[in-house]
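Produce the complete structure using the sequences and hints provided.
Chain residues, written in single-letter form:
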Amino acid sequence: MHNYQDIINRHQKDPSRLLDIIREIQTLSGHVPKEAIAEIAGQLKLSEAEVRGVVTFYHFFSLTPRGKYTVYLNSAVTSCMQGRAAVARAFEVEAGCLFGDVTPDGLIGLFPTSCIGMNDQEPSAIINGVVFTSLTPLKAGHLVRAMKTGRLVQDMVEEYGDGANQSDLVRSMVSNNIRKKGPVIFGPFEPGLAVRKAVARKPEDVIEEVKNANLLGRGGAGFPAGLKWEFCRREKTGQHYVVCNADEGEPGTFKDRVILTELPRLILEGMVVAGYAVGAAEGVLYLRSEYSYLKSHLEAVLEDMRRENLLGKNIAGSADFHFDVTIKLGAGAYVCGEESALLESAEGRRGEPRNRPPFPVQIGYLDRPTTVNNVETLCAAAKIITHGAAWFKSMGTPKSSGTKLLSVSGDCERPGLYELEFGLTIQELLDIAGARDAFAVQVGGPSGTCISRQDFRRKIAFEDLPTGGSIMIFGPWRNLFEIIDKFMDFFIEESCGWCTPCRVGNSLLKEKLDKIRAGRGTRQDLRDLEAWGKLIRAMSRCGLGQTSPNPILSTLQNFRELYEAVIDREKDFVSTFDLGEATLGAARLTQRQPILEETSHE
Amino acid sequence: MSEITFTIDGKACKAVHGQTILEAAKTNGVYVPTLCHYEGLKPVGSCRICTVRASGRYMAACTQFLSPGMVIENMAPDLEDMRRAIIEMLFVEGNHMCPTCEKSGNCELQALAYRYQIMAPRFPFQFPLRTIEASAPKIMLEHNRCIQCQRCVRAIQTKDGRKIFVPLNRSHKKKIGVDSRLAAELTDELARKAMDTCPVGSILRKEVGFAVPIGQRKFDHKPIGGGNGEGPAR
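Residue numbers (the numbering used here), protein chains in the order written: chain A, 1469 to 2070; chain B, -13 to 220.
Please keep in mind that the hints were generated in silico from the structure rather than gathered at the bench. Ideal placement from N, C-alpha and C gives every residue a C-beta, glycine not left out. Heads up, some of the hints might be wrong.
[To be verified] The list that follows gives simulated cross-link-like pairs (lysine-lysine, DSSO-like), each with its CA atoms no further than 27 angstroms apart:
id	chain 1	residue 1	chain 2	residue 2
1	B	0	B	12
2	B	28	B	12
3	B	204	B	124
4	A	1616	A	1536
5	A	1648	A	1616
6	A	1536	A	1763
7	A	1502	B	145
8	A	2002	B	159
9	B	204	A	1704
10	B	159	A	1502
11	A	1704	A	1670
12	B	145	B	192
13	A	1513	B	28
14	B	12	B	124
15	A	1502	B	124
16	A	1978	B	159
17	A	1513	B	145
18	B	145	A	1481
19	B	12	B	204
20	A	1670	A	1781
21	B	159	B	12
22	A	1954	B	159
23	A	1607	A	1536
24	B	208	B	124
25	A	1513	A	1648
26	A	1502	B	161
27	A	1927	A	1648
28	B	179	B	12
29	B	12	B	-3
30	A	1513	B	204
31	B	28	B	179
32	A	1978	B	161
33	B	208	A	1513
34	A	1649	A	1867
35	A	1513	B	179
36	A	1616	A	1665
37	A	1954	B	161
[What the hints assert, rightly or not] Here are the in silico distance ranges between beta carbons for each label pair:
id	chain 1	residue 1	chain 2	residue 2	range
38	B	25	A	1861	44 to 54 angstroms
39	B	212	A	1987	16 to 26 angstroms
40	A	1692	B	111	45 to 55 angstroms
Below is the structure:
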């Protein structure tokens, strides 16, 4: 019997720290037991059902035991392309249980998980918070055998990656794979300079500089960062907040992981600059659970900055600017990358998006005016304050200033991170990455768009092909339908379930796609796919639902011939219901052959 | 409070600042179909049936605030068809057997299906395996009929603000859970309120039922949304 009371007390019985409490219990007990839920509910003055509601929302929390060792094997497309199936089989055979299950002795649990941000080194898995990359069936076998001898998971990491991955506080086998350093994010960095330059100016001037630089949000939506800061500053009510969105969950993106590893100071200085600009005294860095192995590393940097007076009271010698940052961890939910869902989650609730308006700049974290900015956006803002708007605008295109970090994965010789100026074409990127025979490129992840060769001359820019940074390359030997199918599985799994079109519609789309892939589709089915997809796009409540039909809609547009090739062009209608298939079981049992003739209704 | 003007399907309307599109439409005598919305509860915009279009953008009328000069489309045929599709989605998502349901005639989902003249859904039935939860002494939860509107979540709380009905899970596995400890102490009054607030027959009181015979119920004579109760013919 564990003492949950200690954990709850340590978090001051604060409902906004419910996720932290649950995480500790999950780690301690391998699940969140009934007694713990009763204890939490009693102490936090919630109903038990409310606590269960939070536990069941997040992928990494569970009401039932997940094993002393819990393996979360990435089920994203790029993982599958690099041989996930064989690795999964090796885990199953060696452990003696199937995925989705725990071994009878409760030692090992095997579970799939959505993209964990390691696309350039797949297949990858998280075991008790520790990341394992470039797995093979052989390595999987080794890992399971080590688990059976009771080894500490951290001790199973035999080799460390490059850069800060080797540091004492990270000790991770993850590789940075930085292929191209650009002038903004990876340009020269003098610690403290951005903060000192900012506090030497008026907050309004700092905002003006960022506005003049035309810095558009790097998470994908492209909202002008300076304008967001201005809106937030303009709100008069009390305390303001800066929230750094480090919850990159779009399959295929891992750029923020590399920044968090190699340039944490740049992010945090960006947060300080933002805090000064909007008039905030507190910042929250919301870190996706998959990157929790970087938490101590980030906390050490926070300590350094406090010592250097870049955080804390009277920052950089200013008269009245006080600011500090805390780190909050997610728990496995793609939708929390949506800023209002992120705030719900940071406040200890289910990560369901809020209705907007009011926008977070008006009513955000703890109901206070809040600017939520992407990791890369904050880094760019710090550099803009250091070098000026004109410098920033001299790069990129007139409408998309600066550079973009691109996480490149899939069928190419050099997967990894590239910092390149906006305006470069997909073909140029493919050449740099060594993708000689790309057949399709997924720009911006599943929620983005899938383009074919005829669009490879298009530019990466907000005015042409916008992207939060995910670029997945597919060679001609790949089955695009399988990829689309995986993407739809992802959206079905990650929908928060709040609104009807997203909760119900995506399953219906996938069912329709299954029918077409099975060779039972007609022209009408293609028309349905398009109409239903557009309906989900129009009627859904948040960005997740509004972009969830994109894998289908963009391939219907750009790879129409693939669909046309598998439908039955002769028939107007083929039933979804297959009588032969439906009666197969009964036929086998009764040892009779069904007579399946076309029935005429004329 | 300042007055603002706007139009719905070309009709000139007036409203006060701070009203949602739905509230403003209502004050101007314009019907916008709703399902998750419930007078007096904070709107959540979960069903999306009240979606309207303004300047080419789609928005839920129940959660979107009106802005001056808005040009709102409410009855455009393509919009009405999308609403119909949403209702059909709710039918195929669960297991709805109207003839045996205690809420038949009082059910808002059923009433909307009549208004939109739905004969058969365009989507395949999902036939999910769902259970009936009857552990609470005064109520039972018929999960087959739940449409995730969250009315019960919002309407029913204990005196100290604890929720008795709560969303569990996510994605298509999302369902309403009931707190067994708190449900055991549910008063008759709250149990009645829970059942009345539920737009479908998902929350039912035990040991009572069919007090009003089918044929004499709310929507049996007066269609939902008034008028002749007919949406556009398909």
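Each hint tested on the structure:
Our distance criterion of 27 angstroms between C-alpha atoms is met by residue 0 of chain B and residue 12 of chain B, whose separation comes to about 11 angstroms. The hinted pair formed by residue 28 of chain B and residue 12 of chain B meets the criterion: a straight-line CA distance of about 17 angstroms does not exceed 27 angstroms. Restraint check for residue 204 of chain B and residue 124 of chain B: satisfied, since their Cα atoms lie roughly 24 angstroms apart, inside the 27 angstroms limit. At most 27 angstroms may separate the alpha-carbon atoms for a hinted pair to count; residue 1616 of chain A and residue 1536 of chain A meet this at roughly 10 angstroms.
A distance of roughly 41 angstroms separates the Cα atoms of residue 1648 of chain A and residue 1616 of chain A; the hinted pair therefore is violated under the 27 angstroms criterion. The hinted pair formed by residue 1536 of chain A and residue 1763 of chain A meets the criterion: a straight-line CA distance of about 22 angstroms does not exceed 27 angstroms. For the suggested pair residue 1502 of chain A and residue 145 of chain B, the alpha carbons sit about 24 angstroms apart, so the restraint of at most 27 angstroms is met. Simply put, residue 2002 of chain A and residue 159 of chain B have alpha-carbon atoms about 23 angstroms apart, close enough for the 27 angstroms limit, and the pair holds.
The suggested pairing of residue 204 of chain B with residue 1704 of chain A is violated, with an alpha-carbon distance near 48 angstroms, which exceeds 27 angstroms. Distance hint between residue 159 of chain B and residue 1502 of chain A is fulfilled; the C-alpha atoms sit about 21 angstroms from each other, no more than 27 angstroms. Simply put, residue 1704 of chain A and residue 1670 of chain A have alpha-carbon atoms about 17 angstroms apart, close enough for the 27 angstroms limit, and the pair holds. For the suggested pair residue 145 of chain B and residue 192 of chain B, the alpha carbons sit about 23 angstroms apart, so the restraint of at most 27 angstroms is met.
Restraint check: the Cα-Cα separation between residue 1513 of chain A and residue 28 of chain B comes to about 22 angstroms, which is no more than 27 angstroms; the hinted pair holds. Of the supplied pair hints, the one linking residue 12 of chain B and residue 124 of chain B is violated, its CA atoms being roughly 35 angstroms apart against a limit of 27 angstroms. Restraint check for residue 1502 of chain A and residue 124 of chain B: the C-alpha separation of about 24 angstroms stays at or below 27 angstroms, so the hint holds. Restraint check for residue 1978 of chain A and residue 159 of chain B: the C-alpha separation of about 16 angstroms stays at or below 27 angstroms, so the hint holds.
Straight-line distance between C-alpha atoms of residue 1513 of chain A and residue 145 of chain B comes to about 12 angstroms, which keeps the hinted pair within the 27 angstroms bound. In summary, the hint linking residue 145 of chain B to residue 1481 of chain A is supported, as the alpha carbons are separated by about 20 angstroms, within the 27 angstroms threshold. Note on residue 12 of chain B and residue 204 of chain B: the hinted pairing holds, with a Cα-Cα distance of about 20 angstroms set against a maximum of 27 angstroms. The hinted pair formed by residue 1670 of chain A and residue 1781 of chain A meets the criterion: a straight-line CA distance of about 18 angstroms does not exceed 27 angstroms.
Straight-line distance between C-alpha atoms of residue 159 of chain B and residue 12 of chain B comes to about 34 angstroms, which puts the hinted pair past the 27 angstroms bound. The hinted pair formed by residue 1954 of chain A and residue 159 of chain B meets the criterion: a straight-line CA distance of about 18 angstroms does not exceed 27 angstroms. A threshold of 27 angstroms between alpha carbons decides the hint, and for residue 1607 of chain A with residue 1536 of chain A the separation of about 19 angstroms falls inside it, so the pair holds. Between residue 208 of chain B and residue 124 of chain B, the direct Cα distance comes to roughly 30 angstroms. Violation of the 27 angstroms bound is thereby established for this hinted pair.
For the hint linking residue 1513 of chain A to residue 1648 of chain A, the alpha-carbon distance of about 52 angstroms lies beyond 27 angstroms, and the restraint is violated. Simply put, residue 1502 of chain A and residue 161 of chain B have alpha-carbon atoms about 19 angstroms apart, close enough for the 27 angstroms limit, and the pair holds. Proposed proximity of residue 1927 of chain A and residue 1648 of chain A is supported: the alpha carbons are some 18 angstroms apart, at most 27 angstroms. Of the pairs offered as hints, the one joining residue 179 of chain B and residue 12 of chain B holds, with about 24 angstroms between alpha carbons and a cut-off of 27 angstroms not exceeded.
Between residue 12 of chain B and residue -3 of chain B the CA atoms are separated by roughly 13 angstroms; this keeps the pair inside 27 angstroms, and the hint holds. For a cut-off of 27 angstroms, the pair hint linking residue 1513 of chain A to residue 204 of chain B is broken: about 39 angstroms separates their Cα positions. Pair hint residue 28 of chain B plus residue 179 of chain B holds up; C-alpha atoms about 16 angstroms apart against a cutoff of 27 angstroms. Using a Cα cut-off of 27 angstroms, the hinted pair residue 1978 of chain A and residue 161 of chain B holds, with the two alpha carbons roughly 21 angstroms apart.
Proximity of residue 208 of chain B to residue 1513 of chain A is assessed by CA-CA distance (about 44 angstroms); at most 27 angstroms being required, the pair is judged violated. For the hint linking residue 1649 of chain A to residue 1867 of chain A, the alpha-carbon distance of about 22 angstroms falls within 27 angstroms, and the restraint holds. For the hint pairing residue 1513 of chain A with residue 179 of chain B, the CA-to-CA distance comes to about 23 angstroms; that is within 27 angstroms, so the pair holds. Restraint check for residue 1616 of chain A and residue 1665 of chain A: not satisfied, since their Cα atoms lie roughly 55 angstroms apart, outside the 27 angstroms limit.
A distance of roughly 24 angstroms separates the Cα atoms of residue 1954 of chain A and residue 161 of chain B; the hinted pair therefore holds under the 27 angstroms criterion. Distance hint check: the CB atoms of residue 25 of chain B and residue 1861 of chain A are about 52 angstroms apart, consistent with the given range 44 to 54 angstroms. Between residue 212 of chain B and residue 1987 of chain A, the C-beta spacing of about 48 angstroms breaks the proposed range 16 to 26 angstroms. Here the CB-CB span from residue 1692 of chain A to residue 111 of chain B is close to 46 angstroms, well matched to the stated 45 to 55 angstroms.
In summary, the numbered hints that this structure violates are 5, 9, 14, 21, 24, 25, 30, 33, 36 and 39.
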